[in-house]
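Visitor: For reference, the chains in residue letters:
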Amino acid sequence: MAEAATEMVKLTIDGVPVEVPKGTLLVEAAKKIKQEIPVYCYHTKLGPAGLCRVCLVEVEGMPKLQIGCNTPVADGMVVHTRNEKVESGRSMILELLLVNHPLDCPICDKGGECDLQDYAMAYGRGASDVADPKQSKPKGVDLGPTIVLDEERCVVCQRCVRFDDIIAGERQLVVKDRGHNDIIATSTGDPYRHNFTGNVTELCPVGALTSKTYRFKSRPWDLNRTETSCTQCAVGCRQFADVRYGTLVRTMSVENDDAISDGWLCDRGRYNIGYLGAPERLTQPLYKQNGQFVQIGWDDAFALWAKAINDARAAGKAVGALGGGRLFNEEAYLLGYVMRALGVKNLDWRTGRQLQASPGANASYEALENASSIVIAGDIAELAPVLWLRIIKAVTRKGARLVRVGACGAAPGFAHTDVTNAGEAAQAVAAEGGVAIVWDGADLALGAALAATFASRSPLAYIASEQSNARGAEAMGLLPTDGGADFTKIAADAANGAYGVLALFGANPLRNAPNAETMRGALQATPFTVVSELFMTESAQAATLVLPAKSAFEKSGTVIDIAGDLLPVNASLQAPVGALSDLEMLIGLAQQFDLALPTSEELDAAVIARAAKPLAAALGEARYATSEPLAPSSSRSIWDGGGTCAHDDRIATLRREPVKVGA
Amino acid sequence: MRKQLYNVGAILKGLSITFKFMFAKRPTIEYPSVKKQHAPRFHGLHELRRYADGKERCIGCELCSSACPANAITVIGAENTPESRKSPGERHAARYEIDELRCIFCGMCEEACPTDAIVLTPRFEMADYRRGSFIYAKDRLLVPPEAGVGTPPDERPNGIPADLGRVAEVKSTIDITAGYGATHRGEILKTQRRGLAG
Amino acid sequence: MPVTKVLTAGIGEADLRDISVYRARGGYKQWERAVRDLKPADVMEACDKSGLRGRGGAGFPTGRKWSFLPNNGKPRYMVCNCDEAEPGTFKDHMLLEETPHLVLEGILLGAYGIGCTHAYIYIRGEFKRGYQIFQKAIDDARAAGLLGKNILGTGLDIEVTAHRGAGAYICGEETGLLNSLEGKRGEPRLKPPFPAIAGLYGMPTVVNNVETLAYLVPILEKGADWFASVGTERSKGYKIVSVSGHVQKPGNYEVPIGTTVREIIEIAGGLRPGRTFAAVQPGGQSSACIFEEHLDYPYDYESMAKAGSMLGSGAFTVFDDTTDWVKAALNSVRFYAHESCGQCTPCREGGHWLERVLHRFVEGRGLRSDLEMIRRVSGTITGLNLCALGDSIEPFLKSVVNRFPEQFEARVMQELTPA
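Protein chains in written order, with the working numbering: chain A, 1 to 663; chain B, 1001 to 1198; chain C, 2001 to 2419.
If you are wondering where the hints come from, they were derived from the structure by calculation, not from laboratory data. Each hint should be verified, as a subset may be incorrect.
[As the list claims (entries may be wrong)] Covered stretches of chain C (in silico footprint by chain A; criterion: 3 or more residues with CB under 8 angstroms from a CB of chain A, positions within the stretch not fixed): (1) 2184-2195; (2) 2337-2346; (3) 2356-2366; (4) 2379-2386.
For every residue, glycine included, the Cβ atom is placed at its ideal position computed from N, Cα and C.
With the hints as constraints, model all of the structure from the sequences given.
Guide: Written out as structure tokens, the structure is:
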């Protein structure tokens, strides 16, 4: 509709003149005058389907009622959305929808936020002529690891089917049987399982598709809702966190979040909330004595830590700090600030496979959709699932060409070209139009080669980080900028006993780093190692002092997403008693040394200034590297655990099963 | 002297009222050895009722807690499983708590209940020594299985039968014998569909 | 009796399935002439001038339908709709099995006329024999150089593919047919866009009935004026009428359009002895009944519409006075409820609801309020549907409920005395 966007059409809706671009559908035009046309099957992102027939409107000059969802505006059109004829048609449709509806609203998870309830109250007759028993269909069908389906409540709007086809590109859900026997099922009968299944529960206008994790947990009016940003990956989708009685019961997408998530959430972002209340969460600082962890107080922990730093300085040994992607910008900034104030230069965030997080110039997610060629390197579908939806959109609906360089995970179900190096990629892309490079930031040589190959096309560059706020950590200066050692060198030197204190914040290099064995030696050889973690990870087990941290739902701050946007994360939960945020830990340490810390206003200003500062580095440029870049280890899925996923049994079942060979 | 006589008159006048009540019928009763009969629709302590087959009526829908003006009711729902079936249908109340100190005994919960599970009985003796013991959970609210279905709501003036629950059962859209018993996780198969097509 | 033989000429006399017999009787002459001498525009013009209207049910002028195809350089498709599933209609079945080459010639002419190089014929799944016969006809014609690559040495390429449906009434709806042909679930598509703009595989497509395309052959042979000279003012030419029901000689009769309803009943042998006429459903299951007062109406598109019904596909079902109208109504509604694809609400839920109510009536358990409900629901759902199937429930049901209310009232359950 881009070419028609300039041409405006004037029409009248309910007596109010409206001017909208040509080609606009009546349902959208009515929104301009805040007049609601009820819809079930129509969805802004899925387009019209014309199935539910509830969006009836009267257009003067047309004998029959028209459906607002598939009637484009025309000049001089006179539309009535609330007159008697329309109301009678709508009430008929609602009466028909309720003929076989079980009316089990009291036990329905959707009750209270259900379109069928709302419209039946708004437009329904309030009485029924039905004298026959209702049709019985399966209830509580186990559709897959995430979804429970109630066939009786289904109004066959096919939003889920169309989402699966159009948005997720999976085509698993279909309508089976015919007529009033219609049921929703997977085409093969296999469990419904892919990275985006949870979205159908939000799309479903009735209570047919509901989440297992939220099943019977709460009623919508009991929830305390906080708008925040998802920190499961670096995409940073906007998200609602719904809390009841101190428990995060569900997360929901933000529908009009066009800039970032496009209104979708991946299953990891939606369902990985079970770890928050896991019994194995750390809630007290642990200090290792004679190989055994003992519980200590926070004051003692800070004192021990400060003493260790003083001892290391006295002994002439080095001090290092490694920050991870779990840190918010404020925490990353303060970590750098405190460490530099203590004279520590050995700072790095690159504790995993990824070696670069910020491309030279920011590019918005929306711009990616309009590229005519998309070159990906790395398992982008796993690393940044909702960004992958944009790639699906660009390829399947906007005709972009997808080129996959090297190992990029499972092959997508649509047209793509697999190549092995940047030179071949240059042959495979479309000759015209914009090029976008989405790279996982691991193989610096590949990144540099891609940047060099496509330099003449001025490509959009995205780095899909493995850690959610890697980009923030890089922008906040968690790099050896003052001549300190980088991660590889820190690990190597520490393994040789050169370090006195090593602090790890939200990083688990023993699991994620290519040089995990060197790192293990480093942790053993260093007399005092501090790890701030939610759980007893591999790195925490090897540490001297383990500090219990708050999760992203329990603290407020900001993160930077792949596109370079500064996103707020708002606390929605109370942290377990005893856990502190990394910011509070750093303040506690700073107090031991009587350091003057920035005020919160200064901190915010510093974060904003650094987030807004353009980064000069090009793709594949090793920043402040003091050692040769390591060859990236084989891609490790985020689902494998090591992160928070390991602490929720259900999450493991959400993963897509490996694609069967020959299937 | 005259003034003194006047005082005697006033005293006698006052005492006459005292003596009148001394010989009148006493309105007070010897509670707790004697107990007063309440009106049949007195709003007292809550009770969670059962169906005749022993299943809990409460489906954990939380409508009572949303209707409660005093915010005294806490309900947390959970799913029935074939191994542990507490109520008909898919959902039951895993936790059901009423803070009787917050409760104003207005009976809105009873009005809101779609299955007539919660009723206000005429029982009123709840005195205790600790505030915490006024939070009644399912163990004290639910009718014990051996005590039958529980107290039925009283006769309503507008002709609704005494046991509204029976009406709800009859009017229910779900076939209690077949539907309720077999609705867990798609146990009703396509072949079991009722209606003409089946 | 004005029985004519245009398409039906030769059926029952010779084995027209044999290509040599068909050619000996003048078959494929028009195709040869068209390929050699005529331009596609000539075929289109003849079609337009003849006033030929679609014989599948809607009666849309064929020439106008063809003219909607946009000139945008995209490939075009001609699809012949042989998914004849309307209860009471059996004319395409006959044409397909008895004179397949005539049908094929019609398809080729149509394809040539709109400039398409690949035509499809969608044959109803149940017509297995018809499919085999037609497939043989395609093979024979290809062997004779009449279709395929380089037809008759002129360099013209037209391929014809026969596709068997999988058995759903809704696949006779043109967009449902196209979905089915593409291998998708046979469900009507949301219109607009119409098939003429985005049809088969998203390309401009014309979907025509078997009979419509077959009439192209005599139109080219005898001229558009000959065809236009027969019939009434706006309904031209001939029509094969599938007469069924309470008549002595049910069958396909080809008549000039405009023959009266009474005459058609007489052609089919009249009513059985001792019976009196009750009603006629003149255009298949989706048309309303017409009654005694309409017997002298000419059988054409306009007069049938005037009588409150439609000519439809030419399925002419006669009912006499022995008809149980409640059962007939249930039968009709059950058909639509069963054949509903389930996409849109009014048809899916409304049809099923009406079916259950009528089922209660048949069992004598109707409610007095149900009659009003039937009128209200069937009337309101008409016009709200995605395709014409849902709109087809009402006409027959309403016409019989209004005409024979006593039969319905007789099935109303005895009033229950309040307990």
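Visitor: Taking the earlier hints as the rules, which of them does this structure contradict?
Guide: none
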